[in-house]
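Can you make the complete structure from the sequences, with help from the hints?
Each chain is listed here by its residues.
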Amino acid sequence: MPIENIEKNKLKDMLYKMILIRRFEEKAAQSYGLKKIGGFLHLYIGEEAVAVGSISNLNMKNDYVVAAYRDHGHALAAGMDPNSLMAELYGKITGCSKGKGGSMHFFDYEKHFFGGNGIVGAQIPVATGVGLKIKYKKEDGVVLCYFGDGAIHQGSFHESLNIAKIWNLPVVYICENNQYGMGTDFRRVSSVDDFSIMAQSYGMKGKQANGMDVIEMYDVTKEAIKSAKSGTPYLIEAKTYRYKGHSMSDPAKYRTKEELEEYKKRDPIYSFKEKLKEMNVINEEEYIAMDKKCKKMAKDAIDFAEKSPEPDLSELYTDVYVGVKI
Amino acid sequence: MANKLLMIALSPTMEKGTIVKWNVKEGDSFKEGDILCEVETDKTTMEYELMEEGTILKIIVPEGGKAAVGDAIAIYGEEGEDYSDLINEIENNNDENKADNKDKEKNVENNKDNKINNFDINRIKISPLAKKIALMKNINISKIKGSGPGGRIIKRDIENYKVEKGISYTSNSTVVETTDEDIIIPLSDKRKIIGERLSESKYTSPHFYLTVSVNMENIMENRKKINNMLNEKISLNAFLIKLIANTLKKHKRVNSTLNGENIIEFGRVDIAIAVAQDDGLITPVVRNADKKGILQVENDLRELIDRAKNNKLEPEEYTNSTFTISNLGSFGIDEFTAIINPQALQY
Amino acid sequence: MAGLRPIVEFMTFNFALQAFDQIVNNAAKMRYMSGGQFKMPIVFRGPNGPAEYLSSQHSQATQTFFAHVPGLKVITPATPYDAKGLLKTAIRDDNPVIFLEGEMMYSWEGEVPEEEYIIEFGKADIKNEGNDVTIITYSKPLKVVMESVTLLEKEGINAEVVDLRSIRPLDEETIIKSVMKTNRCVIVDESWPFVSVASHVGWLISNKAFDYLDAPVELVTSEDVPLPYNHKLELAAQPSVEKIINAVKKVLYI
Numbered sequence: 003m004p005i006e007n008i009e010k011n012k013l014k015d016m017l018y019k020m021i022l023i024r025r026f027e028e029k030a031a032q033s034y035g036l037k038k039i040g041g042f043l044h045l046y047i048g049e050e051a052v053a054v055g056s057i058s059n060l061n062m063k064n065d066y067v068v069a070a071y072r073d074h075g076h077a078l079a080a081g082m083d084p085n086s087l088m089a090e091l092y093g094k095i096t097g098c099s100k101g102k103g104g105s106m107h108f109f110d111y112e113k114h115f116f117g118g119n120g121i122v123g124a125q126i127p128v129a130t131g132v133g134l135k136i137k138y139k140k141e142d143g144v145v146l147c148y149f150g151d152g153a154i155h156q157g158s159f160h161e162s163l164n165i166a167k168i169w170n171l172p173v174v175y176i177c178e179n180n181q182y183g184m185g186t187d188f189r190r191v192s193s194v195d196d197f198s199i200m201a202q203s204y205g206m207k208g209k210q211a212n213g214m215d216v217i218e219m220y221d222v223t224k225e226a227i228k229s230a231k232s233g234t235p236y237l238i239e240a241k242t243y244r245y246k247g248h249s250m251s252d253p254a255k256y257r258t259k260e261e262l263e264e265y266k267k268r269d270p271i272y273s274f275k276e277k278l279k280e281m282n283v284i285n286e287e288e289y290i291a292m293d294k295k296c297k298k299m300a301k302d303a304i305d306f307a308e309k310s311p312e313p314d315l316s317e318l319y320t321d322v323y324v325g326v327k328i
Numbered sequence: 004m005a006n007k008l009l010m011i012a013l014s015p016t017m018e019k020g021t022i023v024k025w026n027v028k029e030g031d032s033f034k035e036g037d038i039l040c041e042v043e044t045d046k047t048t049m050e051y052e053l054m055e056e057g058t059i060l061k062i063i064v065p066e067g068g069k070a071a072v073g074d075a076i077a078i079y080g081e082e083g084e085d086y087s088d089l090i091n092e093i094e095n096n097n098d099e100n101k102a103d104n105k106d107k108e109k110n111v112e113n114n115k116d117n118k119i120n121n122f123d124i125n126r127i128k129i130s131p132l133a134k135k136i137a138l139m140k141n142i143n144i145s146k147i148k149g150s151g152p153g154g155r156i157i158k159r160d161i162e163n164y165k166v167e168k169g170i171s172y173t174s175n176s177t178v179v180e181t182t183d184e185d186i187i188i189p190l191s192d193k194r195k196i197i198g199e200r201l202s203e204s205k206y207t208s209p210h211f212y213l214t215v216s217v218n219m220e221n222i223m224e225n226r227k228k229i230n231n232m233l234n235e236k237i238s239l240n241a242f243l244i245k246l247i248a249n250t251l252k253k254h255k256r257v258n259s260t261l262n263g264e265n266i267i268e269f270g271r272v273d274i275a276i277a278v279a280q281d282d283g284l285i286t287p288v289v290r291n292a293d294k295k296g297i298l299q300v301e302n303d304l305r306e307l308i309d310r311a312k313n314n315k316l317e318p319e320e321y322t323n324s325t326f327t328i329s330n331l332g333s334f335g336i337d338e339f340t341a342i343i344n345p346q347a348l349q350y
Numbered sequence: 166m167a168g169l170r171p172i173v174e175f176m177t178f179n180f181a182l183q184a185f186d187q188i189v190n191n192a193a194k195m196r197y198m199s200g201g202q203f204k205m206p207i208v209f210r211g212p213n214g215p216a217e218y219l220s221s222q223h224s225q226a227t228q229t230f231f232a233h234v235p236g237l238k239v240i241t242p243a244t245p246y247d248a249k250g251l252l253k254t255a256i257r258d259d260n261p262v263i264f265l266e267g268e269m270m271y272s273w274e275g276e277v278p279e280e281e282y283i284i285e286f287g288k289a290d291i292k293n294e295g296n297d298v299t300i301i302t303y304s305k306p307l308k309v310v311m312e313s314v315t316l317l318e319k320e321g322i323n324a325e326v327v328d329l330r331s332i333r334p335l336d337e338e339t340i341i342k343s344v345m346k347t348n349r350c351v352i353v354d355e356s357w358p359f360v361s362v363a364s365h366v367g368w369l370i371s372n373k374a375f376d377y378l379d380a381p382v383e384l385v386t387s388e389d390v391p392l393p394y395n396h397k398l399e400l401a402a403q404p405s406v407e408k409i410i411n412a413v414k415k416v417l418y419i
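Protein chains in written order, with the working numbering: chain A, 3 to 328; chain B, 4 to 350; chain C, 166 to 419.
Check the hints yourself; a few may be wrong.
[Said to hold, decoys possible] Only pairs whose alpha carbons sit at most 30 Å apart, straight line, appear in this in silico DSSO-like list of lysine-lysine: (1) C/K408 - A/K38; (2) B/K128 - C/K346; (3) C/K397 - A/K37; (4) C/K308 - C/K288.
Please keep in mind that the hints were generated in silico from the structure rather than gathered at the bench.
Listed below in structure tokens is the structure:
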């Protein structure tokens with residue numbers, strides 16, 4: 003779809019969401035440095051266009067998002083509250099998972115955000131199962147399932163695609179190829195360079211997309227959803243790049259500074275803003291105001307998280323089982 | 004003063020007995036040791052003797068009647084005595100017993116709901132270690148107050164208990180009396196098995212003991228004659244075996260065993276005799292003793308005993324007897340109560 | 166199986182669960198199913214047990230899963246010295262060996278001789294001698310156990326510490342001898358309590374040292390819950406000095 007045909011407000015919203023994700027994560031990284039957040043913190047900075055472009059197609063009343071452990075961007079794009087997400091990073095009771103999940107395990111049942119999964123590739127069968135539920139209950143919905151270039155070699159991916167096609171489930175599988183599985187260049191561990199062709203193995207459709215371009219992501223996902231809802235699940239390979247290490251403890255020595263700088267020149271937020279300016283959808287002042295708003299939301303989220311109470315020790319024993327108190 | 008003649012337990016497991024026969028009538032007087040009646044227990048018919056003298060005033064349980072252990076079966080005392088109080092008491096008591104029984108039933112019901120509580124109340128809680136020490140030192144644990152959770156008796160309590168009594172078994176205590184140290188002899192497998200088998204026999208086979216005195220003069224006389232004639236000694240045991248073998252042939256009921264639901268009366272008469280060994284006891288068997296002459300019995304016996312003492316017996320030589328003799332006479336023992344040698348006893 | 170002697174390094178044993186089928190259905194069974202024709206000289210090694218702030222999927226002590234399976238050996242060193250000697254044995258062993266290294270233990274320091282030595286499987290190590298109570302542990306919790314022992318000594322309680330080092334095979338003799346000496350036992354295990362290494366050792370003691378026990382065996386394990394992300398909660402879920410000391414006092418009736 004030509005960008006001119008997309009509503010202006012929709013375009014502005016996409017830009018706003020990408021900025022929010024970036025500002026949110028920058029703040030989170032700061033807090034991590036202050037040891038207010040522990041464990042793993044997998045940042046999405048640089049990849050924002052993938053989640054925002056694809057999820058902007060969804061109606062979260064009917065549709066679902068299932069992500070891996072690099073899940074902050076998807077959660078925000080799916081409309082989760084930054085306060086509850088930051089509080090989760092802080093391990094507070096007000097967090098979206100009551101402080102029990104942390105960075106890798108954002109969940110929101112009501113908003114159809116089904117995690118947040120720490121095991122590489124383990125969310126792919128989950129998403130496929132959600133697709134079965136939609137089909138079984140004859141609902142008008144679709145599942146977007148995100149995973150990385152490392153997960154695509156897991157058995158869970160291949161088994162899921164096979165069964166999704168056999169049952170014609172409404173699932174769009176989105177491989178976010180940020181080119182490094184932790185520290186390993188995807189070309190070293192993959193027999194093919196173009197992941198989208200794997201779809202053919204299972205009789206599905208597949209396509210590569212520029213994951214640094216939010217509109218391309220939006221368009222390709224729209225097409226994929228149409229296909230999935232009409233009975234042919236879809237695999238998108240989003241070519242993208244993460245600016246930060248795999249997690250906060252990764253110095254990313256496996257790639258060159260030049261490579262990183264090259265991608266930063268194609269920064270999804272910056273280039274999208276420039277395009278919208280060209281189209282007169284937004285001017286620089288509006289952009290600055292938007293950015294300010296996002297910075298404030300990120301800061302407010304930090305304040306909220308800091309002020310929130312820790313979970314009570316008794317929370318240790320809650321939610322192990324449904325209806326069983328330990 | 005009038006007394007109740009109470010039904011007593013005439014077998015270890017008897018709960019009730021039937022009066023088979025009264026040897027006395029109301030008004031009869033009796034002496035110390037007289038047999039007053041015969042009682043059929045759960046096992047056999049036993050004689051009921053009373054080590055008192057007096058007159059039967061009233062028979063409460065007639066012939067053919069049943070009485071539980073502890074029930075009055077008659078009233079005795081001095082002739083002409085008034086015993087109406089006792090009669091009233093017995094009648095009330097019987098009612099109470101019935102009520103008691105009902106209560107017991109009720110308790111059983113309650114216990115079903117409350118098993119754990121009941122369990123806790125009735126048993127003495129003691130740690131395995133404390134129990135072991137108590138057993139070794141022969142301490143009655145019912146007298147010890149436990150300081151562990153729920154009153155559990157623990158090692159410390161046993162030690163403290165001893166200290167209170169002024170006798171300490173702990174090595175670091177200052178009140179140790181000068182006694183030689185205990186020697187702990189580990190139980191050999193053989194002794195362990197003997198112990199297990201015999202206690203099993205003692206607990207599961209009803210034992211009762213009857214004693215008669217027999218004038219052995221004739222046998223002793225004959226033995227002397229034979230020994231002189233043969234210039235070798237025939238043991239008293241050989242005579243005993245032969246005598247018993249002949250008796251068993253005559254009274255087959257005694258040459259029998261209980262095998263689940265059936266009594267097996269053996270056709271053969273195989274008599275075992277208990278022989279002491281350094282580390283236990285063994286029962287070599289003289290086979291077909293009823294069919295052998297006294298000399299043959301003596302020869303068999305001598306060889307078996309010899310092999311037994313040298314640990315050379317084969318299993319088929321010391322198992323499957325139909326009757327066992329334990330004779331401690333040569334140690335100057337007049338009378339003792341042996342334990343039935345269970346079938347297929349290995350040692 | 167075909168002639169190589171592989172050493173598989175898992176990034177963490179949480180991810181080894183994705184290979185559970187290969188380990189349990191293949192590595193552990195091949196020899197038995199083939200009537201002894203095949204050897205499976207393979208070592209699976211890597212970090213195990215909770216680290217910090219990683220929530221439920223990344224904080225599992227997986228030893229119980231593997232120890233349950235006949236055909237696998239499960240080795241759990243707690244010191245650098247033991248790790249070297251046991252890893253050499255693991256590599257030389259012709260059976261599949263699960264070699265579990267506590268994730269938090271990688272920064273621990275200890276003397277390791279340059280020269281070659283091996284430590285036999287199935288030999289527990291008395292890390293501290295004592296008469297009052299036996300504390301049985303293995304892997305990472307040895308650290309909190311030793312800290313507890315120091316504090317207990319100040320109160321006049323001398324604890325004997327048995328470091329199992331190897332879960333399968335298990336050194337029953339050392340366990341039972343120690344309990345027969347002290348009459349009391351606390352087992353510290355960072356995995357979950359339900360059908361665990363700790364519960365197995367507890368049964369073993371009640372079975373083989375019953376008459377020597379003056380108190381029921383106490384277990385200090387992780388709480389019976391998945392590990393949470395919140396740090397306060399995740400610490401509360403694991404064995405601690407405080408929990409160990411409480412358990413020791415409980416078996417000593419003080």
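Worksheet item: Under the criterion that the straight-line Cα-Cα distance not exceed 30 Å, is the pair C/K408, A/K38 satisfied?
Response: holds (27 Å)
Worksheet entry | Given pair status - C/K346, B/K128, alpha carbons within 30 Å | Given pair B/K128, C/K346 holds - Cα atoms ~22 Å apart, limit 30 Å.
Discussion item. With the threshold set at 30 Å, check whether the alpha-carbon distance from C/K308 to C/K288 stays at or below it.
Written reply: Answer holds: C/K308 to C/K288 is near 19 Å, not above 30 Å.
Worksheet entry | Pair hint C/K397 and A/K37, alpha-carbon separation not exceeding 30 Å | holds (14 Å)
The structure is consistent with each of the numbered hints, conforming to all of them.
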